[in-house]
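**Q** So the sequences go chain by chain: A and B.
Per the numbering used here, the first sequence starts with residue -8, numbered consecutively.
Per the numbering used here, the second sequence starts with residue 437, numbered consecutively.
No lab work stands behind these hints: they were computed from the structure.
Ideal Cβ placement from N, Cα and C applies to all residues, glycine included.
Do not take every clue at face value.
Unchecked claim - So, partial list: chain A residues that the calculated Cβ filter (under 7 Å) puts toward chain B:
| # | residue |
| --- | --- |
| 1 | 21 |
| 2 | 31 |
| 3 | 61 |
| 4 | 98 |
| 5 | 100 |
| 6 | 112 |
| 7 | 115 |
| 8 | 225 |
| 9 | 226 |
| 10 | 230 |
| 11 | 243 |
| 12 | 246 |
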Amino acid sequence: MSDATSGTGTEGIGEMRALCWHGTNDLRVDSVPRPSLVNPNDAVLRVTASTACGSDLHIVDGYLPTMREGDVLGHEFVGEVAETGEGVEGVEAGERVVVPSFIGCGACAYCQDDLWSLCDNTNPNAEMQEPILGDSTAGIYGYTHAFGGYAGSHAEYIRVPHADENCFQVPDELDDTQALFVSDAWPTGYMGADFCDIEDGDTVAVWGCGGVGLMAQHSADLMGAEQVIGIDRFPARLHAAREHAGAETIDYTEVDSVLDRLDALTGGRGPDACIDAVGMEAHGTGVAHAYDRAKQQFGLHTDRGEALRQAMVACRKGGTLSILGVYGLMDKFPLGILMNKGITVRTAQQHGQRYVPELLDYAVEGELDPSYLATHEFSLEDGPEAYRMFREKEDGMIRPVFRP
Amino acid sequence: MTSQHTQRGERESSKERSGRSTGRTDSGRGRRVAAGVAGGALLLYGVARRSVRGVAAAVAGGWLLNRAIRGRSSGGGSAGWTAAEERPAKGAPRDSLDVQRSMTVERPAAELYDRWRDPETHEQMWAHFAEVDQIGEDRQHWAIAGPRGISLEWDAEVVAADPGEFLRWKSLPGAQVPNEGSVRFLERGDGEETEVTLHLRFDPPGGRVATTVIDRLDLLPDAAAGKALRRFKSLVETGETPTLEGNPSARGQGDLL
């Protein structure tokens, strides 16, 4: 950054381009005010790469409430530090950093327990969540006002609160694309695999071969799972699971029964751990899917839980169900399956700060290079088209990457 | 919906993350069902609107729904409330707006007490609700900017102080809306963590002023007190409060809801 922009006032300095949400399936690129330092522990970054997450599609498709017209989207990014507040000690202008999507303060009981997405001190709109969740979560960039309302990363600049806790320097060995997915997809997938307490001989099945699902499979493989199984319907994603993540794959549109196939692959036991990396807009092929879809269309509930229900049935007795997909307030959750089979459920929004340092090490050592997720690149101006393709999974797209 | 609730002056038992609240009293089943239905409808309406008003409706709806599910839409004693705080008997006429909230903060009680009495912290923790100026060692001037240029102001005085444990303040005679508040600090475990319980009570005299107050304090029972506590906690634990000041969007700058 030049000296001309190193001011510390609270007024934005000029404008920037940003991909904004204007309503269901209505994304536009707008000129918006540039962010500046507000709190003493803030940093402002120049965004160098930002990617769309499957959970953004829930917003674009209108299933997550409390978006406001004009909100800047995006929560998975890397950038260069432009300026830092007076309280920031460990981060300097010019550094290349990766930032987890959920914002931690580092000081509350949850952050100190490494449960960063549960931070008590980073959601300015905590009172919007409490009535529904009974508590509040950490804030996140570009992901509804109930989750903090912070402007997202599909923009030229972004303000990062508590920079010392949230900015992780990218090692020189890694380029921006390699570091990008350490922001969200990889730590989320890695956490999902970590939840499974993988032991020798374990089989881990993962519903969903998008960015998070692939990272969950790849991480389970890294953690020593004997067999990893990826379930999806898009050929390019199934190919990536086999090619990069060390997984066997099931195309659920090509088999009579996913459950039978999983049984066959596990000697009739079922997977030791099942990871749901699909979430509230699951697709399926049966009656249950039609039922869910009808209810969702009429606004009777927010979630379609096909993948999650299938994972519960598939899971071996006494196994683990690890939920990474984003859900609203789902009804018709067949608790009896979990209870009678003694299944342990583990779930969270990503505790990124807990995993980022070790993931950067893995990447530097070459044990896992997540850049294969970045199948397409776009300028910010092409944002609406990129999201359209991402939603349709056109042209084998796994993740679009913006270079603002 | 919410202001109806506050007009009835019902009490809200606190339940923060510790889940330590006691004495949930079931309200009538019919009322719970009604509140649940209304809450659900509001929530859906709010979700569908996706506007500021929609957000407010969604919040109110979710709140009602939550209460309906929890069955605590009336009465219910709560931990930390003592007889000395003159809680009226259940079923007694209620013409006050009353709220009690608790929050756990990762600091010893003595430090929290000192921070609460520090004018700068005090001013910042209430900034979402009122402008609070120190006008004497134990006196503060409170000012709330209400809708349509109507404002409410009063002076308050500390009437009881037990350093490290308890503080109580009360508006001075002449306040348009007599009110009082107290805060209690209860250390737990090894003393590195403290339960902070805030109690606020407003006694609107009725008429237009009361309406204004209730308007202004739309979400008072939970939001104003809860937010003050949350801001206090953030200030003490992190040195700042989370904010959307200057937050960029296609609407412009700043997002103070």
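**Q** Against this structure, judge whether each hint is valid.
**A** Right, here's what the structure says about each hint:
1. 21: With a minimum Cβ separation of about 4 Å from chain B (threshold 7 Å), the hint on residue 21(A) holds.
2. 31: This interface hint holds because 6 Å falls under the 7 Å limit.
3. 61: holds, 3 Å
4. 98: holds, 4 Å
5. 100: holds, 6 Å
6. 112: holds, 4 Å
7. 115: Where the cut-off is 7 Å and the nearest Cβ of chain B is about 4 Å from residue 115(A), the hint holds.
8. 225: violated, 30 Å
9. 226: violated, 35 Å
10. 230: Constraint on residue 230(A) not satisfied, violated at 38 Å.
11. 243: violated, 30 Å
12. 246: violated, 36 Å
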